[in-house]
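If you're matching positions, the sequence shown starts at 238 in my numbering and goes up one per residue.
Hints in this document: simulated from the structure, not taken from any laboratory. Among the clues, some could well be false.
Said to hold, decoys possible - Derived pair list, reagent style SDA-like, types lysine to any residue, alpha-carbon separation capped at 25 Å:
no., residue 1, residue 2
1, 627, 601
2, 335, 706
3, 309, 686
4, 568, 779
5, 414, 318
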Amino acid sequence: MANENSNVVVDRAQSHWSDLWKKEDYWAIWLGFALLIAAICIFINGAPASYKETIDKSNAIMKVEAEKAPFKTIAYIQAQDAKKGVVGTNLPIAKEIKAFIASPGKWTDNPVKSMFTSQAEADAKNAANKEKAEAAKAKAESSFAAAQAAEKLAADAGYKDASLNTAAEAAIKDWTKAKADASKASAKAKPVNLFTTLPLLMVAFALFFGIGIFVMGQNLPKFLIGFVGLFVVVVIAMILGKQSTMAYYGIGVEPWGIMFGMIIANTIGTPQWMKPALQVEYFIKTGLVLLGAEILFDKIIAIGTAGIFVAWVVTPIVLITTFIFGQKVLKMASPTLNITISADMSVCGTSAAIAAAAACRAKKEELTLALGLSMTFTAIMMVALPAFIKYLGLPEVLGGAWIGGTVDSTGAVAAAGALLGPKAMYVAATIKMIQNVLIGVTAFGIAVYWCTSVEKTAGRETSLMEIWHRFPKFVIGFLTASIIFSIYSADLGPDLGTALINKGVIDGIEKGVRTWFFVLAFTAIGLSTNFRELAPYFKGGKPLILYVCGQSFNLALTLLMAYVMFYLVFPEITAKI
């Protein structure tokens with residue numbers, strides 16, 4: 238970090254022009270923008286003209302078929318599939334990038350499988366699956382013939398016979414499922430060797446971050462040496478997090494990064510030579526700038542006012558109420574710990590915690606504690622909440638909205654929503670994306686409140702410059718990335734925007750690289766954490782009580798707001814999902 242002796246998330250409240258190249262907040266912006274500009278050149282500017290032609294042709298066919306029949310015809314489904322096949326990640330260079338930034342994969346009983354699969358093993362898997370794939374293909378072909386026959390009968394009747402229409406629709410649905418099963422069964426296993434790519438990726442990341450380290454005046458050779466050790470720990474944490482049982486229960490790579498780092502730090506101790514590479518904020522702030530590219534305003538508008546109410550009305554109420562509860566009822570000794578936990582729990586987990594901690598200058602130990610609570614409860618809720626929703630028999634849209642507004646991690650939200658169904662996953666992920674917009678608003682609000690109330694000097698007015706000094710600058714990069722990619726998405730249109738941004742920039746580069754940066758940061762947090770230094774903050778169990786009470790209030794208010802908005806005030810939005 239810019240000042241290794243500092244024990245707060247933001248280390249000074251002064252601004253100079255040299256901050257543009259001397260502070261990690263700005264370097265997070267420059268590095269994040271460099272990656273996003275490269276992604277724009279590859280996926281948006283480099284997209285072939287055939288992409289738009291295929292989408293336009295497919296849309297024309299779908300329009301004609303939709304007007305012709307009261308159900309989705311075979312031609313409609315085929316055109317829809319052709320449109321879905323237009324994705325930026327199919328570009329040759331995108332496949333090379335994906336292979337280069339690949340992280341350890343899933344495994345069950347042999348961790349080596351997450352790193353290496355030989356050609357012989359891949360061939361053996363394909364041979365063993367050949368019979369199943371051929372059977373699935375044959376079923377898809379027979380289902381297609383049945384769908385064609387049923388559709389012809391409905392067409393010959395001018396689509397006026399309800400029973401024939403129903404039969405055709407059912408046959409086409411059977412074919413669609415059989416086709417999907419055949420596609421899944423025919424997927425080929427490929428050889429993988431991360432033992433050759435990961436060392437190259439380590440060097441690339443070390444040099445990438447090393448540019449800023451050098452310009453900020455830190456010791457570059459020591460950073461590079463320490464980064465090797467950090468990267469090795471990160472890879473081990475990723476392997477542990479990809480174990481199938483761990484992944485099922487939500488104990489993914491980020492929690493393992495913190496836990497494994499803590500185990501090392503509090504047993505054998507973090508080696509001194511590794512400590513110059515533990516640039517927690519530098520890594521995570523760069524990742525958060527990249528996250529801005531995922532916040533697309535046209536996607537927010539698509540779910541309508543209902544989703545905006547669930548995210549933007551409930552969240553500030555829960556944040557403020559929880560903070561007041563912590564100060565007035567629990568009487569927490571540290572308001573910075575209180576607001577960091579409150580933002581973490583109410584807004585969007587770790588990302589909001591980082592922004593809040595930076596705005597109020599929370600201590601590193603306080604941030605670590607907030608992140609630990611968030612990850613623990615996220616792992617519990619992503620499994621327990623979908624099960625509870627199923628037990629209650631709640632509608633899929635309502636369940637998705639409840640998950641999106643309460644589960645902290647964006648990835649966990651999508652996984653939990655998927656357990657309920659595709660509609661729930663869509664609603665949950667969209668509401669979480671809407672909620673993520675509040676990262677910048679929360680940081681600004683906390684900065685203003687801390688300057689004007691918590692740390693206000695008696696007899697002295699708070700100036701705008703003081704608020705600017707405290708405001709975490711990397712949030713500007715986060716918001717700018719969101720605005721830029723929202724403009725691109727709107728200009729490209731919903732279909733081409735999805736193909737080149739969601740299925741190009743985001744899936745092709747942003748998500749993969751951001752995951753690496755986050756795990757680097759969380760592992761660095763673990764390696765920097767001493768249990769003895771955390772102990773005083775757990776006094777009386779107040780942080781845990783604060784989180785549980787705040788999350789309970791969040792669960793109740795989010796469910797109420799989701800029901801009111803999606804089923805009483807805007808039922809037409811729910812009907813369209």
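Verification of the hints:
Taking the CA atoms of residue 627 and residue 601, the gap is about 39 Å. The hint is violated against a cut of 25 Å. Between residue 335 and residue 706 the alpha-carbon distance is near 39 Å, which puts this suggested pair outside the 25 Å criterion. A distance of roughly 54 Å separates the Cα atoms of residue 309 and residue 686; the hinted pair therefore is violated under the 25 Å criterion. The straight-line distance between the Cα atoms of residue 568 and residue 779 is roughly 9 Å, inside the 25 Å bound, and the hint therefore holds.
Distance restraint check for residue 414 and residue 318: the Cα-Cα separation of roughly 13 Å lies within the 25 Å cut-off, and the hinted pair is therefore satisfied.
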